[in-house]
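**Q** The lines below spell out each chain.
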Amino acid sequence: MGSLTIGAKYKTTIKDPGTPGILRMNDDRFTFTPNDPRSAMKFNVDFRTIKGHKFNKVEGNKAALLNLSKEDKAGGYIFEFDNVGNRDLSRDFVARVLGKHQGIVPPRPTVTPENSVASAALEQLSAAEVERRVKLLREDRNYIRSLFLEIFCKNLNFGQQERTYLKMKQIKDQNKGQVSRMRLVDIKPTTDGRTNKVTFQITPEMIHQIFAEKPAVRRAYLDFVPKKMSETRFWEKYCRAEYLVRTKNTAAATAEAAGDEELAIFLKNDDILAKEAKMKIKRVDPTLDMEADTGDDYIHLPDHGIHRDGNKETVDADSELARRTLSQDLNRHAAVVLEGRSLDVESTDPKTLAEALVRSKKEPPSTSIVDDANHERLVKVARMTEIEDLQAPRSLPCMRPLCIKDPKEYFDSQQANALRSLGGSNDGRKARTCSLSTEEAFHHLMDQMSSIKVNKLNCPIIQSDMALKEVSKACLAELQLQEFLELTIPRSSIDGYPGIATAFLVIDPITSAVLYNKVQRVKEAMTQIYQKLQLIKESAQPDALDAAFNHDVEQQQKSSKAGNRHNGF
Amino acid sequence: MRFDLDGLPVHFPYAAIYPEQHAYMGELKRALDARGHALLEMPTGTGKTAALISLITSYSLANPARPLRLIYCTRTVHEMEKTLAELRLLFAHLPPPAARSLLALGLSSRKNLCVHPQASAAAARDSVDTACRRLTASWVREKAASDPESTPLCEFYETFDRAAAAGDLASFMPPGVYTLADLRALGRERRVCPYFLARQMVKYANIVVYSYQYLLDPKVASIVSREMQKECVVVFDEAHNIDNVCIEALSVSIRKQTLEGAERNLRRISQEIDRFKATDANRLRAEYNRLVDGLAQRGNLPISDAWLANPALPDDILKEAVPGNIRRAEHFLAVLRRLVRFLDGRLDTENVENEMPVSFVASIHSQAGIDQKMLRFCYDRLHSLMMTLEITDTDEFMHIQTICDFATLIGTYTRGFSIIIEPYDERMPDIRDPVIQLSCHDASLAIRPVFDRFETVVITSGTLSPIDLYPRLLNFNPVISRSFTMSLTRDCICPMVLTRGSDQLPVSTKFDMRSDPGVVRNYGRLLLEMASAVPDGIVCFFVSYSYMDGIVNSWHEMGILQDIMQHKLVFIETPDVVETTLALDNYRKACDCGRGAIFFSVARGKVAEGIDFDRHYGRLVIMFGVPFQYTLSRILLARLEYLRETFQIKEGDFLTFDALRQAAQCVGRVIRSKADYGMMIFADKRYSRHDKRSKLPGWILSHLHDAHLNLSTDMALHIAREFLRRMAQPYDKTGSGGKKTLLTEEDLQNMAQDGMEM
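Each protein sequence line maps, in turn, to chains A and B. Count the first sequence with UniProt numbering and you get residues 1 to 569, in order. Count the second sequence with UniProt numbering and you get residues 1 to 758, in order.
Think of the hints as simulated: they come from the structure by calculation, not from any bench. Using N, Cα and C, we set each Cβ at its ideal position, and we do this for glycine too. One or more of the hints may lead you astray.
Unchecked claim - List time: in silico DSSO-like cross-link candidates among lysine-lysine, alpha-carbon distance up to 30 Å: (1) A/Lys282 - B/Lys589; (2) B/Lys256 - A/Lys268; (3) B/Lys606 - A/Lys268; (4) A/Lys268 - B/Lys589; (5) B/Lys606 - A/Lys280; (6) B/Lys606 - A/Lys282; (7) A/Lys70 - A/Lys100; (8) B/Lys606 - A/Lys380.
As the list claims (entries may be wrong) - Non-contacting residues of chain A with respect to chain B, defined by C-beta distances greater than 10 Å in every case (computed): (9) Thr19; (10) Asp28; (11) Met41; (12) Arg48; (13) Lys228; (14) Asp271; (15) Gln414; (16) Phe442; (17) Gln528; (18) Ile529.
Assemble the whole structure, with the sequences as input and the hints as a guide.
**A** Structure follows, in structure tokens:
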């Protein structure tokens, strides 16, 4: 296979600036000779002790790295190359040599050189080897998981941040603020399963929620962006911290936090929240206050009482990095939803959002003194303690409780009531509408519509022109019906009828939502009438027709009006 | 209302009374008449507290010759607040002359009562105590008298002290009801220390409300409750866990950190001794002379100097002279050093060891040369030394105090205890955390002095089933022992046993099933379905924190949690009390505003212990699993063995009893009055077995229909819908037919007349 000699820097750790020197590799060993003869970084290593190799993805001005990891997991050799070409050259060489060595000594099935899998060096492997691995993976799901975790944690430990991609997708959420506020912010990483890539998606909606639920992140954002870092970088760090929390890799989290103070902010306890909690706890209902309870508990002095009897679970809270749990997130989320402070800012720009949230937070007065004689609280506690049904009946205005034994009966009686109350005014309207001709009614309707057009609808649930279209359709249908009726039955019997649409429009305050509903109802009623008319025409005796119509139309009119009243209009 | 109960005029703060309250008062009165103890189980939601306080107050008002005083013990501070609120309601209904003569107050720690701006700002209880002692200890005040410039004092305490000296304390506290908040407000207004005022006024108050440990834990009881007389009636409310409180009060454990801390303390004490030798050798000599005279304690300490007292029960403390070889401070210090070193050696074990106190004391004697009598005096000797050395920062000295507590307890008791040394927690075998645990197994030890000292002790709760077990556990003879059922106007509680999920597979938290994804999903589906059908608040109880954590995480991963949150907000109990309190507060807000919420809680946790989920705060409670104790715990095994040998209580029986009382306690939190209603789902297949179910209290069992014993999710949902619709109908509060469930004054008069005629 020959040998390869190349200039490289040897690094003990990723952050090490490195010792420049010459890397020589042949089939069996590789040696590194530093340029500076006084340097102690000189070694000669057998390839057989090398278990695998890894390399990074080079982007921008990042250095090209190659990591040869040792068999005993006690670290490895990291080399930095001047350019990607050199790195790739030596990578390929190493891959070949390792392939050869590992081919000679067949690895035990459980100890696959997973690191070379990780390095996307699949093309270097023989087809048989790939098959064997696929089979192995298929057989043992746990193995995949452990492999996955190992690869990831390693990569995170090595700080190969570029493997964690962040995609900022500005997704325009149509009904934003509605759906996602119901959910917990949950930045789930997605992996495609093949490459070593974790993708996070953050929408403006999520940013809003993160800012609302995690004031420390908000503050960090305002402090850091864009002075100290770019927005993308900020969210990248945030996602990284989230990822560490999610994988519960405390060791990695501690290591990362030690090296990166901005990242540590996301892993620490939220001090703003803690301060708020301290304030709120003083105002809490004393019959709920469990903190007071711990303050009174002398049985559980440290080291007193019974531990480990299976009831108490010891939680060591001494770790400086917060043991953030899902429970805390859930509580916080629900609290924020409950506060329900809607911002007047309709912006998707995180900066303005964050500032608006800070402003809205500032308003509560900081009454640091506990109001022990808080009257309201006393009243509340007193009310809570009373046993309600032992209390003498209060002098409330006499009200009968709503009793619905039989729903059908109830609604029938309600309808009767409504009709009775309508009875008087019905005559008056009859007289008035009587005088209207079809054209007049139509004009009246058109007037109403134009007035709506001019005055604008103040509750635009549907577009006003759409509503108009619907109304005119309904009116046309009604006019047709009226003509039809006039042709078939004597006018007197349908006197009350033609005004339905007009009456709706005249009587009620009009918003387009209401209008829309009503139009729908009118349309429904009219299709029913059509059907019934059709039926009657087909089946009924001609002499009974008049009576039938009378009845039918009356019923229809009544029910449409009564139903209308029903909803409180 | 005011009515006559067998010749006793009773003031009751409501216009009507439940028949079971009436019966309860009758039993209580008989116990008071007989001057004996009582054990009364009455369902939650029938107004136990109101009945209790009105009867006892009326009794003492009616018998001026026998001035009864009430000591009302609650388990938690928030229950104390509830009781005080009930008392306030009662006082408002008493005839004015009576109300003007009664004083009722709550008592708590400095942490909850201190109003000094700096001292009260400290976060932990111990730091508040220490901060207070720095300002009020007798030697500090002596020093301030000579050097007022540089020694800050507490003005609140000074006011108190002047008033106490003038015998004028009562003027600060006119009769009435004082909650903790009232006491603080009073303290701020009158510039007087509420803590010490309350401590002093406890002697004169007619009704004192405080926590269990102020009577049961000898460390606290002998300071606070020393002066309570025999005439007091002691009530332990919500007492179903009283045996656990009793054994905890006498248990101590020692860890590596304790020993390290103790060594630090000893170094510091030794420095202090050297300092005193150089500057004020007389003090040490005076102490020595006092000890030669046989006084371990210095007689009457000023109230502000009192520190946690001897951990042994008052009757068991030796009234002898301190042994000669620990009278000198240096000698005592050497003894403590040897003891700490011995314990350190014992802690260094690889195996679990289980020893009786006798053999442990013997090995201390042979290896460290400390005999039993010296061990017994450890605590008092330390206390005396600390006083002599004028040490104020008691929180720093917790460790050495723990060691002395341990020594005194093993020197005093030979039976009812065992010493268990474990190198690690069995559930986390890889983490080495050695601990020496002195655990008490006999609940009757701690409560014995209370039974002996007071004429009438009432133990009451909604869950005391089986009621014959408690007299055995606590070793006493009640004159009255009764379990009341609930007379209901309508079936306002609806217990169900859910054994299967929607896929008809069994659900359980049995160890081999609990992590099964099928079970997790079925539990999740159950909650989801219920969340969509039940209005307002739902409470869920899980068997442990770790289980809750696990299952909530799984639901989150499965997406079930998100679906649940579409219906209701979700709040969770966490080990952090502040967070849990705020979560509860928000939960109530969410229920109040109609948003609806779900609270996840733990069966043996703090929330289950005393938070009510009555009315719309809890329309449904789901108990996921049977809350058994962790049965492999060595302490539990030792206790079970002791119970079997001493009281002939079988292990299985005790475990089931214990699990079911917790479950019943959890589900019982939904009912507050007969106008209230709620459902209870026991979601575990094991509840359908008779041996488990039969241990539930009678008032739940009587509503558990046979048809509700083996339900699947869809059936339970159907029943829930039906139940809710039925409950939404109006009903006659006073009960229909021949059965009266609400008695008015008139009814009671008629009843009395009927009784006379018969």
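**Q** It remains to establish, for every hint, whether it holds in the given structure.
**A** Do the hints match the structure? See the list:
1. A/Lys282 - B/Lys589: Answer holds: A/Lys282 to B/Lys589 is near 16 Å, not above 30 Å.
2. B/Lys256 - A/Lys268: With a Cα-Cα distance of about 28 Å, the restraint between B/Lys256 and A/Lys268 holds, given a limit of 30 Å.
3. B/Lys606 - A/Lys268: holds, 26 Å
4. A/Lys268 - B/Lys589: At roughly 29 Å apart (the allowed maximum being 30 Å), B/Lys589 and A/Lys268 satisfy the hint.
5. B/Lys606 - A/Lys280: Holds, at roughly 19 Å.
6. B/Lys606 - A/Lys282: holds, 19 Å
7. A/Lys70 - A/Lys100: Holds, at about 17 Å.
8. B/Lys606 - A/Lys380: holds, 23 Å
9. Thr19: The assertion about A/Thr19 holds, with a minimum of 39 Å to chain B.
10. Asp28: holds, 40 Å
11. Met41: holds, 37 Å
12. Arg48: A/Arg48 is indeed farther than 10 Å from all Cβ atoms of chain B, at 33 Å.
13. Lys228: holds, 31 Å
14. Asp271: holds, 14 Å
15. Gln414: holds, 17 Å
16. Phe442: holds, 46 Å
17. Gln528: holds, 31 Å
18. Ile529: At about 36 Å from chain B, A/Ile529 clears the 10 Å cut-off, so the statement holds.
Checked against the numbered hints above, the structure breaks none of them.
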